[in-house]
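Engineer: Here is how the chains run, residue by residue.
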Amino acid sequence: MTLTIGRSDPPALAALQAHADSRRRRAALAVVGLVLVCVLVAVVAIGQGAARIAPLRVLELLHGWATGEPAVLASRDGLVVTAIRLPRVLLGLLVGAALAVSGALMQGLFRNPLADPGLVGVSSGAGLAAAATIVLGDRYLVGVLGKLPFLALPVGAFLGGLAATLTLYLIATRQGRTSVSTMLLAGVALGALAGALTGLLAFMSDDRQLRDLTFWSLGSLGGASWGKLAVVAPIMLPLLLLLPLLARGLNALMLGEAEAYHLGVPVQRIKGLAILLVALCVGASVACAGVIGFVGIVVPHLVRLLVGPDHRLLLPLSALGGAALLAGADIVARLIVAPAELPIGIVTAAIGAPFFLWLLLRRKSAFDA
Amino acid sequence: MPESVVQTLIPHPEEPRSGVSKDAPEGSRGDWRILRDAIPDGMAPQDEGIGDRWAGSEIIVAGRNLSYLASGRALVEDASLALGAGRLTVLVGPNGAGKSTLLKLLSGELAPAAGEVRLGKEPLSAVPGWRLACRRAVMAQQTRLAFPFTVYEVARLGVEGVGRALTRSAREALIGEGLEAAGVLGLAARAYQSLSGGEQQRVQFARALCQLEAGATLGDNQALFLDEPVANLDLCHQLALLDRARALAGRGVAVLAVLHDLNLAAACADTLVVMDGGRIVAHGTPTETLNDALLKRVFRVDLAFGRLPPPGLPFLLPQQAREIARPSAVAAG
Chain S
1 MTLTIGRSDP PALAALQAHA DSRRRRAALA VVGLVLVCVL VAVVAIGQGA ARIAPLRVLE
61 LLHGWATGEP AVLASRDGLV VTAIRLPRVL LGLLVGAALA VSGALMQGLF RNPLADPGLV
121 GVSSGAGLAA AATIVLGDRY LVGVLGKLPF LALPVGAFLG GLAATLTLYL IATRQGRTSV
181 STMLLAGVAL GALAGALTGL LAFMSDDRQL RDLTFWSLGS LGGASWGKLA VVAPIMLPLL
241 LLLPLLARGL NALMLGEAEA YHLGVPVQRI KGLAILLVAL CVGASVACAG VIGFVGIVVP
301 HLVRLLVGPD HRLLLPLSAL GGAALLAGAD IVARLIVAPA ELPIGIVTAA IGAPFFLWLL
361 LRRKSAFDA
Chain H
1001 MPESVVQTLI PHPEEPRSGV SKDAPEGSRG DWRILRDAIP DGMAPQDEGI GDRWAGSEII
1061 VAGRNLSYLA SGRALVEDAS LALGAGRLTV LVGPNGAGKS TLLKLLSGEL APAAGEVRLG
1121 KEPLSAVPGW RLACRRAVMA QQTRLAFPFT VYEVARLGVE GVGRALTRSA REALIGEGLE
1181 AAGVLGLAAR AYQSLSGGEQ QRVQFARALC QLEAGATLGD NQALFLDEPV ANLDLCHQLA
1241 LLDRARALAG RGVAVLAVLH DLNLAAACAD TLVVMDGGRI VAHGTPTETL NDALLKRVFR
1301 VDLAFGRLPP PGLPFLLPQQ AREIARPSAV AAG
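So the protein sequences, as listed, match chains S and H. Going by the numbering used here, 62 is the number at position 62 of the first sequence; the sequence numbering is gapless. Going by the numbering used here, 1143 is the number at position 143 of the second sequence; the sequence numbering is gapless.
Warning: the hint list may mix true and false statements.
As the list claims (entries may be wrong) - Among chain H residues calculated to face chain S with C-beta under 10 Å, some are:
hint	residue
1	Asp1078
2	Ala1113
3	Leu1132
4	Val1138
5	Pro1148
6	Val1162
7	Ala1165
8	Ala1173
9	Ile1175
10	Leu1179
11	Arg1307
To be verified - With the C-beta cut set under 10 Å, the calculated list includes, among others, these residues of chain H facing chain S:
hint	residue
12	Phe1147
13	Glu1153
14	Glu1160
15	Gly1176
16	Leu1185
Hints in this document: simulated from the structure, not taken from any laboratory. Being a predicted model, the structure only gives us computed values, none of them experimental. Cβ atoms here follow ideal geometry from the backbone N, Cα and C, with glycine treated the same way.
With the hints as extra help, turn the sequences into a complete structure.
Structural biologist: Now the structure itself:
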């Protein structure tokens, strides 16, 4: 080719090749490692609880359940695993993946490592909508929804997340440029506003509603059931499968919107799709597990430390990492004050916040804009 | 020295080149020839007709009567400019003259309020983004990244979309060549954020080169837009980068560069376009366009071309670049 008019430099070319190869090796290792971690956490999570079941026995029971062995379904352990723990672990994996991916998407969209659905108010928007559904739903929505109240919460939370995401984006974007500082400040303001309104709703609520509200604001996987999973999984799984479509576009967006356009990326379409995915994922997560913080910010950071910021790896690996983290946090939430349960949001914040601070102190350069 | 300015800057005027010299990229290397073949005076700003060919070369991008408004103020007004294949067009002018805006209009980043930009025979606005990306690359003034991409990954962004059809090894070879041509191959594994401003700029140049080269596998008639490409570079790399731009022009790429250094502009431009207050005020070869009156009128400095400073004051002219060690030899370090 005619491009190379400088002197050829074989050692540097070899170093480039080595760099590309080492990146690929790390990526492959990270994928395999995180899949293993996910499986391990899931098996441990299924085994832990009031009735302890050894990991091998868990695998045996799962195998029996998958092949439809009647002996498994009839046994006590079998029932515990298939009716209670399996849907809970699966929900944890799914919600964790959705939250981590939402964080990675937001950070890519705003080109800022601090963006997170929790930090910028999207979760609070979804939480407010969920709270409104809980407190006001009994009064105003019964007539509308009749016997389908279980739909009101996910739909409400989803709409709340979408409204918050759109508001944020519109406020922070002027003439096609998204101002990062405006976005963060607006997110804080939106979060505060949503918090105040949620407080107002708490003030208006009765005892039962108040307990439900507390549950939503701190998050829990306690309400997991096959029925809930059947509602959430068809929303989240296709979204997670859509991610590869966004990866290349988000990579180009890292250079800036104009540069992404020059590289042939349909910028507006990528942005719109990313916003929609975040709203759907966060809305659905909040609807079935309440507001759970820090997964969206810690996991993508960890993945970037492992394999770098390429979204083609970052998005799927964040999903795996988030799944493992939330399922793992649920183990802690169930065991630490057994037989009672800690809200899982407390656990993720207790793990996530110190970890995040440690990251900040250790790798200052990764956070410099 | 009242007579020709520019000529005094050239120690050895050489044979004029004719049009596009696709066959001789090697010959254009390091040639800081000033004396270009005379360009037919067909592109005055008020000129209405832009044909398919101009100055003996095919027109790749052409803007006609372009205007652009921002909050009621005209940043570009009635500007017409054609970028010919194999030509390095340099845009100069004082701050706020509308150079970057005109470049953005021609590259498609901004849509003109009036007038039309064409890519070949098609209106630019009708060309889909991915096809446009194969035809032209843009290097912006400064690009910062919020995430720790390595230099290799930044250059790879240039081929990820455009070079989708290439094999992985072909893409990687291309990235290596791009990095090498921009003199940043040795930085490949470094984090982009940790580089100096000038190094970052060279990496962005490498990315643009990669995009062009990947796009070249799908067709020719390409254009390269460089917005102040040498702003943060040391002298050696300024010359090296413009050398590369010249070499690309030698292969038939239409290059448009915004420069501030009139010496550099005069040394490397086939066509010099002078802007002031959003309008194109002069257009032609450096010899035709640069004169003392223009300096005073447009740049508001009372200086004379070709006049030597008082004895004892060191001065340096980039036109002597042939006598400087070839930048490519030291660039990779």
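Engineer: Mind checking the CB of Ala1165 of chain H against every CB in chain S and telling me if the closest is under 10 Å?
Structural biologist: Cβ of Ala1165 of chain H sits 13 Å from chain S, so the hint is violated.
Engineer: Using the nearest Cβ pair, does Gly1176 of chain H come within less than 10 Å of chain S?
Structural biologist: Holds, about 5 Å.
Engineer: Can we keep the Phe1147 of chain H interface hint, with Cβ of chain S closer than 10 Å?
Structural biologist: 4 Å, holds
Engineer: With a cut-off of 10 Å on the beta carbons, see whether Leu1179 of chain H makes it to chain S.
Structural biologist: 7 Å, holds
Engineer: With a cut-off of 10 Å on the beta carbons, see whether Asp1078 of chain H makes it to chain S.
Structural biologist: At about 23 Å, which exceeds the 10 Å cut-off, the nearest Cβ of chain S leaves the hint on Asp1078 of chain H violated.
Engineer: Grab the minimum C-beta distance from Ala1113 of chain H to chain S and call the hint holds if it beats 10 Å, violated otherwise.
Structural biologist: Constraint on Ala1113 of chain H not satisfied, violated at 14 Å.
Engineer: How about Pro1148 of chain H: closest beta carbon in chain S under 10 Å, or not?
Structural biologist: Given a least distance of 5 Å, the restraint on Pro1148 of chain H holds.
Engineer: Does the nearest C-beta of chain S fall within a distance shorter than 10 Å of the C-beta of Glu1153 of chain H?
Structural biologist: 6 Å, holds
Engineer: Answer holds if the nearest beta-carbon of chain S is closer than 10 Å to that of Arg1307 of chain H; otherwise answer violated.
Structural biologist: 35 Å, violated
Engineer: Given Ile1175 of chain H as an interface hint, is the shortest Cβ-Cβ distance to chain S below 10 Å?
Structural biologist: With a minimum Cβ separation of about 7 Å from chain S (threshold 10 Å), the hint on Ile1175 of chain H holds.
Engineer: Using 10 Å as the Cβ threshold, decide whether Leu1185 of chain H counts as touching chain S.
Structural biologist: 4 Å, holds
Engineer: A closest beta-carbon separation below 10 Å is what the hint needs, so does Val1162 of chain H meet it against chain S?
Structural biologist: 6 Å, holds
Of the numbered hints listed earlier, those contradicted by the structure are 1, 2, 7, 11.
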